[in-house]
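Enquirer: For this one, chain V is given, so just place chains A, C and Z on it according to the hints.
Number of protein chains: 4
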Amino acid sequence: MVGQQFITFLQDHPWFDVTWLGASDRSVGKTFREATSWRLSGAMPANVRNIVVSECKPDGKAPRLMFSSMDASVATEIEQAFAKAGHTIVSNSRNHRMDADVPLLVPEVNAEHLKLLTEQRKQRGWKGQIATNPNCSTIVMVMALGPLKQFGIKRVIVTTMQAISGAGYPGVASMDINANVVPYIGNEEEKMESETQKILGDFAGSRVEPLAAKVSAACNRVPVVDGHMVAVSVELEKKVTAAELIGAMRGFHGIPQQKGLPSAPPCPVIYMEEADRPQPRRDVERENGMAVFVGRLRKCPVLDYKFIALGHNTVRGAAGAAVLNAELMQAEGWLNY
Amino acid sequence: MVGQQFITFLQDHPWFDVTWLGASDRSVGKTFREATSWRLSGAMPANVRNIVVSECKPDGKAPRLMFSSMDASVATEIEQAFAKAGHTIVSNSRNHRMDADVPLLVPEVNAEHLKLLTEQRKQRGWKGQIATNPNCSTIVMVMALGPLKQFGIKRVIVTTMQAISGAGYPGVASMDINANVVPYIGNEEEKMESETQKILGDFAGSRVEPLAAKVSAACNRVPVVDGHMVAVSVELEKKVTAAELIGAMRGFHGIPQQKGLPSAPPCPVIYMEEADRPQPRRDVERENGMAVFVGRLRKCPVLDYKFIALGHNTVRGAAGAAVLNAELMQAEGWLNY
Amino acid sequence: MVGQQFITFLQDHPWFDVTWLGASDRSVGKTFREATSWRLSGAMPANVRNIVVSECKPDGKAPRLMFSSMDASVATEIEQAFAKAGHTIVSNSRNHRMDADVPLLVPEVNAEHLKLLTEQRKQRGWKGQIATNPNCSTIVMVMALGPLKQFGIKRVIVTTMQAISGAGYPGVASMDINANVVPYIGNEEEKMESETQKILGDFAGSRVEPLAAKVSAACNRVPVVDGHMVAVSVELEKKVTAAELIGAMRGFHGIPQQKGLPSAPPCPVIYMEEADRPQPRRDVERENGMAVFVGRLRKCPVLDYKFIALGHNTVRGAAGAAVLNAELMQAEGWLNY
Amino acid sequence: MVGQQFITFLQDHPWFDVTWLGASDRSVGKTFREATSWRLSGAMPANVRNIVVSECKPDGKAPRLMFSSMDASVATEIEQAFAKAGHTIVSNSRNHRMDADVPLLVPEVNAEHLKLLTEQRKQRGWKGQIATNPNCSTIVMVMALGPLKQFGIKRVIVTTMQAISGAGYPGVASMDINANVVPYIGNEEEKMESETQKILGDFAGSRVEPLAAKVSAACNRVPVVDGHMVAVSVELEKKVTAAELIGAMRGFHGIPQQKGLPSAPPCPVIYMEEADRPQPRRDVERENGMAVFVGRLRKCPVLDYKFIALGHNTVRGAAGAAVLNAELMQAEGWLNY
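These protein sequences, in sequence, are chains V, A, C and Z. Numbering follows my numbering, in which position 25 of the first sequence is assigned residue number 25; successive positions increment by one, without gaps. Numbering follows my numbering, in which position 270 of the second sequence is assigned residue number 270; successive positions increment by one, without gaps. Numbering follows my numbering, in which position 147 of the third sequence is assigned residue number 147; successive positions increment by one, without gaps. Numbering follows my numbering, in which position 271 of the fourth sequence is assigned residue number 271; successive positions increment by one, without gaps.
Keep in mind the hints are simulated off the structure, nothing from the lab. On a predicted model such as this, the values are computed, not experimentally measured, just so you know. Hints are supplied without guarantee of correctness; some may be wrong.
Which copy is meant is left open, so a pair is good if it fits within one copy or across any two.
Pairs of lysine-lysine, BS3-like flavour, derived with a Cα cap of 25 Å [to be verified]:
id : residue 1 : residue 2
1  : Lys61     : Lys84
2  : Lys127    : Lys57
3  : Lys149    : Lys238
4  : Lys154    : Lys214
5  : Lys57     : Lys30
6  : Lys259    : Lys149
7  : Lys149    : Lys239
8  : Lys299    : Lys154
9  : Lys238    : Lys154
10 : Lys154    : Lys239
11 : Lys84     : Lys122
12 : Lys238    : Lys299
13 : Lys214    : Lys238
14 : Lys214    : Lys239
15 : Lys84     : Lys57
16 : Lys214    : Lys299
Bound conformation, chain V alone (with noise of 0.2 Å):
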């Protein structure tokens, strides 16, 4: 699924051209279209139709930038490989997203992390890189709290309501969720927390410092097709009010917006005034899916404030969230090596 996205969001792109496909041995040396069944809306985009799908192997075919999306079980040692052999693996896998010397990008908010990248490149000896983006979940909170650093986040505790295409195809059976709420997703709990501090965190020397804040997630999942929702409460080091907060969401803007990067959102991050907004159904394509949407910023009588926030899990989350990151690094010139 994501790899359709990643498919679908660059077509047309006016940096990046696909070239190259690769896939596991079933599919190898077949045409995409023989290989696949297109599982998003729309039909399969033409200039991939007839692209035949090469192995995983850095054989000198590989082009130098590649998206990776694939299954964490393989993930780890075709990353490396083809790192190792000069390429810039920009990758939406959980596999190195954790790794000290490995960036966990989120562009208008940690694009100073891309320095991790010397020091990955000098102490793995590659002549090529890796960058991640977070989990899908992840980056829709992060990008609402990314505004709220400077404010000093001290404790967030979010719940998630999390849309199926989150978990690939064919992903959740419908008799889990037709008409159901599933209370748990694998793993996505550790991530959010964990996540969170990495990419909030400061790049200090050659390392990143993680945000000390304290982090608390409850992972749903709700029959929505696409947008993960989060309901976040958060507790903050300075007194501000909400005028203040939602300011500085409005006003939230980093390297993508500055540089005008192709897929960058001119608003990354957009104050909905509406009672009951945003809503996955009806807000999650706008933007062509690249802002996350927040609304009912309120005073938390536990902690200090609570709001909604909706991202597009396959893109901002996903695909969109890796072009982004490539986009940034060309911007920023780390692709000239």
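Expert: Relative to the frame of chain V, chains A, C and Z by itself:
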């Protein structure tokens, strides 16, 4: 909807018979069958089909014990008129819940609050009385917190995922909730926050001293038919293990269980071991809809523990709650006056 | 809902601008933004937010070309008043569809029926005129039957599976349709049976001779947001192969395609080869919602052939249909009077 | 899933006890509790939790009466081996349904087809025997057509809207069916067309003469949990009124009702007067899932009459059907051999 749930729930009740039905002027004089469309599963129970709907005025013909599920816009006046005239009103409406002299009952948790009725009748000069049950999402959480009260509840953060049946009929438009989440339910958060403190409070002489705990709620509607899920994080005064909390939940019981009240579930709180339970569609109908199901109790990195709970919002959260309240009042002698 | 679809569809229209909005007394004098809640995806288009809502009376200020999506209870009188006063009413309401002198248009299928307008103005003495588009489920079927008319349509049996958006807002209660099917939509079957005969009929002098085919419809509501599916069995006069029928569908076009009308889909009927397509959620947004998708054309053991068709009920079945009608009228000179 | 439905349905059965469970090698030697995850509502029945799963081979330890719901890829061989060894196989698998000497039973409709068993045992030289029940969508339609057989069924066109539980577990991916319709179910249309003719056929000496009616089916999956809906148009030889057809349905009964078989519904076909019923979510659980609900019988402009029918696909369409078959065989003496 709740009226129909009352009728369903009271079918074959060993103590109470439905002999009288009151509704708005539009229905008065019609048989129940003529006056209404049956919205619940199955067919309309035979015992009520031909009951002629009465005006909601104390004219001497209404029974002593009356269940009320009126719209908040009319409930205050009508319920008070009947109570003044000597009727016992067991109400699911929200109007009197927070009145200082009205019990807001969860029979397993705060049966002692019935003593407020003495004060109520004295102060108001009524021959009858009003007792209430909590809001449907409050009750699910409070049933799970009841066993934890002994450990000193200090702070609670809850995010709900509530079923569409909680909004009555026609209630939520399908265009709003199909494959969607609506992160707002009017007044629901305020109710959960204030009602919880009252219910878990202690009876002190002639009044209830609210629990001093802080409660923060974030309420969401999800496309589920029946069953409210609540994701709870809780901070406790005492140091206690997860096993002790689960043990307290499993051993939890109250007067309804001790006296074997007809609608009392044998175990009011059922702790499930499975990693992904409870789930509304699979568990909500168990135990006749009168138990609350809890799962995934685990450490919370921010407060002390977190867990998920599920209850049937129109049974344990509405009609069944009121019937159990009436059974408690009968068993404890509050209907003899 | 259809009014909002009109606004969405007319955004950036090359020929028509929204300059006037009329609604019921309750809204008159308010800006559109104040008068309504936006129910569609995304935000309310900027160009209409500040238009002040007018009374639905011909006071000389309304534009010549008007789109109507009024409730049937008021549409007859209001539409006629405007038509009498010289306006062209392109209506999605059902009131005038079956009037002998009112065109019931599907531009690719029966553009010639516009000639009824001459008769209409003569007989009614109107300075203006009324043209209509069919019911949302009728149009999906008729678009697929249009290419088969040349083979002599004798008998049609259709079962529909219709989206909730077809019922407007609030429309279908979620308690009625969540994880359910409702096998009844008021008057829908009658409309499909009679409208189909009129649309596929031939213009004969001053009137339309309805197609002599028998049509039987069974209409069902299913929990889908947008997109009506119709399962059709058809008996034809001529002996024809499946390949010929598919060829006829794929080659189908009309004046909208020949003249390149702005809202015309390049291919109005798209035949899909996949065994399990079309599907509403995956295909309904394609081609700007203006094409009809057909699949699974195969032998019917009872009649001759059967197939499945899908169309966007609020676009091709409502707002988009009316706009295409207006474009056709403009291109064919019916707006110059 | 069907295996679990068998276990649920046989709990507390007055005639049959579950004493033996067989499954694939992977499960052999484990207790049922260890071998499986319980997918149905509620908890796993206590009586089967500790049964040790056996190999599917006739080793003398399996009981005489065996229910089978095996995957079609293995059912032929295993069922035949047990039948040869003297067991009675009451199968829900599709493998032997269309064999000329195997009864395809709907007890209310064609109990006489049991006489095929004499032929089966003679021809195959088996000590035991195999009887089958129809496909889950076929049975819903055939139960409704059974009462009409007396009027001469000539032609039938049916469109189905089938529940997700019909595809087992994990079955339909939620990404395929959430807020969607899938207009294809593999082999389902062929089964409905051929099985219907066999079931409604007459026993003639040593064989069943299929009904000469033509049947055309279009099968669709809809996002409903349990309950297949069938929209049927039927042509009859005799001239008959709608009232006569409804009367025939309401008066319909067979040996299961006459002999009071434990799982027989008192009225196998229940005609509902409401304009919008039956509905799967509201009606499917009634009558223990064993009746078929019919509504909206009305004139069909193409054939003679049309109506909607609903049945529980995993109960009356699978496990309950097989158990009723076994009860019929027991009551009619076919288990004494």
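Enquirer: Which holds for Lys154 with Lys239 at a C-alpha limit of 25 Å: within a copy, between copies, both or neither?
Expert: Both ways: Lys154 and Lys239 sit 12 Å apart in one copy and 23 Å across, limit 25 Å.
Enquirer: Can you tell me if Lys238 and Lys299 fall within 25 Å by alpha carbon in one copy, between copies, both or neither?
Expert: within (14 Å within a copy, 27 Å between copies)
Enquirer: At most 25 Å between alpha carbons: which applies to Lys214 and Lys238, within, between, both or neither?
Expert: Answer is both: 16 Å inside a copy and 21 Å across each meet the 25 Å cutoff.
Enquirer: If the cut is 25 Å between Cα atoms, do Lys259 and Lys149 qualify within a copy, between copies, both or neither?
Expert: Classified as within: same-chain Cα gap 22 Å, cross-chain 55 Å, threshold 25 Å.
Enquirer: When no copy is named, should Lys127 and Lys57 be tagged within, between, both, or neither for a Cα gap of at most 25 Å?
Expert: within (15 Å within a copy, 59 Å between copies)
Enquirer: Can you give me the call for Lys149 and Lys239, within, between, both or neither, at a CA distance of at most 25 Å?
Expert: within (13 Å within a copy, 32 Å between copies)
Enquirer: At most 25 Å between C-alpha atoms: does Lys149 with Lys238 qualify within a copy, between copies, both, or neither?
Expert: Answer is within: at 10 Å inside a copy they meet the 25 Å cutoff, but 33 Å across does not.
Enquirer: Checking Lys57 and Lys30: alpha-carbon separation at most 25 Å within a copy, between copies, both or neither?
Expert: Result: close within a single copy only, 16 Å intra versus 42 Å inter.
Enquirer: Since the copies are identical, ignore which copy is meant and state whether Lys61 and Lys84 lie within 25 Å (CA to CA) inside a copy, between copies, both or neither.
Expert: within (15 Å within a copy, 60 Å between copies)
Enquirer: Is it within, between, both or neither when you check Lys238 against Lys154 at 25 Å Cα-Cα?
Expert: For Lys238 and Lys154, both the intra-copy (10 Å) and inter-copy (23 Å) Cα distances are at most 25 Å.
Enquirer: Within, between, both or neither: how does the pair Lys299, Lys154 come out at a Cα-Cα threshold of 25 Å?
Expert: both (16 Å within a copy, 18 Å between copies)
Enquirer: Which holds for Lys214 with Lys299 at a C-alpha limit of 25 Å: within a copy, between copies, both or neither?
Expert: Both: 19 Å inside a chain and 13 Å across chains, each within 25 Å.
Violated hints: none; the structure is consistent with every hint.
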